[in-house]
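So the sequences go chain by chain: A and B.
For the first sequence, this note's numbering gives the first residue as 7, with consecutive numbering after it.
For the second sequence, this note's numbering gives the first residue as 32, with consecutive numbering after it.
Careful: at least some of the hints might be erroneous.
Here are the computed lysine-lysine pairs in the DSBU-like style, where the Cα-Cα straight-line distance is at most 35 Å [stated by the list, open to error]: (1) Lys74/A x Lys34/B; (2) Lys30/A x Lys84/A; (3) Lys84/A x Lys34/B; (4) Lys34/B x Lys30/A; (5) Lys104/B x Lys146/B; (6) Lys101/B x Lys47/B; (7) Lys34/B x Lys146/B; (8) Lys34/B x Lys47/B; (9) Lys146/B x Lys47/B.
Some chain B residues judged to face chain A by a derived CB distance under 10 Å, without partners named [said to hold, decoys possible]: (10) Val44; (11) Lys47; (12) Tyr68; (13) Gln70; (14) Ser73; (15) Glu75; (16) Met76; (17) Phe99; (18) Lys134; (19) Thr135.
For the record, the hints were derived by calculation from the structure and aren't laboratory data.
Ideal placement from N, C-alpha and C gives every residue a C-beta, glycine not left out.
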Amino acid sequence: DAGVIQSPRHEVTEMGQEVTLRCKPISGHDYLFWYRQTMMRGLELLIYFNNNVPIDDSGMPEDRFSAKMPNASFSTLKIQPSEPRDSAVYFCASSFPRESYEQYFGPGTRLTVT
Amino acid sequence: AQKITQTQPGMFVQEKEAVTLDCTYDTSDPSYGLFWYKQPSSGEMIFLIYQGSYDQQNATEGRYSLNFQKARKSANLVISASQLGDSAMYFCAMRERNTGGFKTIFGAGTRLFVKA
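Just chain B, same shape as in the assembly (with noise of 0.2 Å):
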């Protein structure tokens, strides 16, 4: 069965420091997506940056960069120059095919605290 893990419960970062969020996803598809979602204090989610499985480059949004190494299965997204802003929780998500479909999983989350 497909699975997502992100370790880290909680992180800090010092404002305008860089910060990586760990990921890793296990499938045996070999096609399928990988998704950054933000949710702050008021609870909507947020898309912040996709990856394909295919993609020969890593993914860049921005300040968001994904650190994609498909033979380790992992995922990490990079955020650079953190903002007070950017304090949040952060969902690592997979999407792949499923019987009749698409199917897409998340992670436990990670917290990001950025400290002024």
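The following block holds chain A by itself, in its conformation from the complex (with noise of 0.2 Å):
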């Protein structure tokens, strides 16, 4: 299998612009996450999904957040418009559904908001 996969890696975008990250999570894997990571605030759940059903995004940060996942092979988080305070590394992350067993994690993206 090739892991969680995310795109693009990297992001750089003005103020204001919507910005799209894509996540694929491992098949047959259940749940996926979206994470940030940022030095002051370290990792951040912000949503995750069960079955393609978002069961908690109490982590999304504010209205400007949004995720999807149209299909079990495919997830998007979207912030529109974006901030500079944005700026952080996004983790995608799937697992099987028990409490069990370990997040496998994608390579991240690294986005900047200028």
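Take the two lone chains, each set in its own frame, and fit them into one complex as the hints suggest.
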């Protein structure tokens, strides 16, 4: 298996622009997670899906952030409009649906908003 | 609310020595999983070891072992015979049942420096 795939790996955009991050989970994994990592706040869970359904989006910072999972093999995290404080590394992870299963992380997308 | 605490922002260890990275957690759920991940400077997140809340024995994976003290709600990672390649950020995480699914949260991390 190719593992969790994220694109793009790096994104540089100007404040106010829309940003879309993409993720392809490992085939067969029912859970998909989006995390944001910054020096100040560490690794924050933004939202997670179970069988394509959003379960907990309490970590989404504000309405500028939205996430979708239209099918089992694809998810997007969108920021509109983007702001400089959104600059971070965004990780997607997937796993099987039990507390005993580890999460497999993608390589991350490094977002820079200028 | 669940919580993971890693009190050591940074740790130094001499090559070939053992080191313990601390992690405490807080949960009211009797069933949960505890994990450690390594993040080297390249940025990827690498799973190291898992401990289930009902496991009677401490988990071990090669040079990694997890010192699980349930009553104290601690899950410390022990790395034996440290290597230069162990220099990285280490995260403790807990996964427990959440409405509709299983939620995982991470601690703030401990940066480990291995000295030659």
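Original post:
Given Thr135/B as an interface hint, is the shortest Cβ-Cβ distance to chain A below 10 Å?
Top reply: 6 Å, holds
**OP:** Would you check whether Glu75/B satisfies its interface hint, that is, whether its CB is within less than 10 Å of any CB in chain A?
**Re:** 6 Å, holds
Original post:
With a cut-off of 10 Å, does the beta carbon of Ser73/B approach a beta carbon of chain A closely enough for the hint to hold?
Top reply: 9 Å, holds
**OP:** Could you check if Met76/B really has its C-beta closer than 10 Å to a C-beta on chain A?
**Re:** It holds, given that the least Cβ distance between Met76/B and chain A is near 4 Å, below 10 Å.
Original post:
Any CB of chain A closer than 10 Å to the CB of Lys47/B?
Top reply: 28 Å, violated
Subject >> Straight-line alpha-carbon gap Lys104/B to Lys146/B, limit 35 Å >> reply: Status holds; Cα separation ~30 Å.
Original post:
Does the interface hint hold: is Val44/B within less than 10 Å of chain A, judged Cβ to Cβ?
Top reply: 22 Å, violated
Subject >> Hint check, Tyr68/B versus chain A [nearest Cβ-Cβ separation less than 10 Å] >> reply: At 8 Å from the nearest chain A Cβ, Tyr68/B passes the 10 Å test, so the hint holds.
Original post:
Holds or violated: are the alpha carbons of Lys34/B and Lys47/B at most 35 Å from each other?
Top reply: 32 Å, holds
**OP:** Would you settle whether the hint for Lys134/B is holds or violated, based on the nearest Cβ-Cβ distance to chain A being less than 10 Å?
**Re:** 6 Å, holds
**OP:** For the pair supplied as a hint, Lys84/A and Lys34/B, confirm whether the alpha-carbon distance does not exceed 35 Å.
**Re:** This hinted pair holds, its Cα atoms lying about 28 Å apart.
Original post:
Given the hinted pair Lys30/A and Lys84/A, is their alpha-carbon gap at most 35 Å?
Top reply: The hint holds at about 15 Å.
Checked against the numbered hints listed earlier, the structure breaks hints 10, 11 and 17; every other hint is satisfied.
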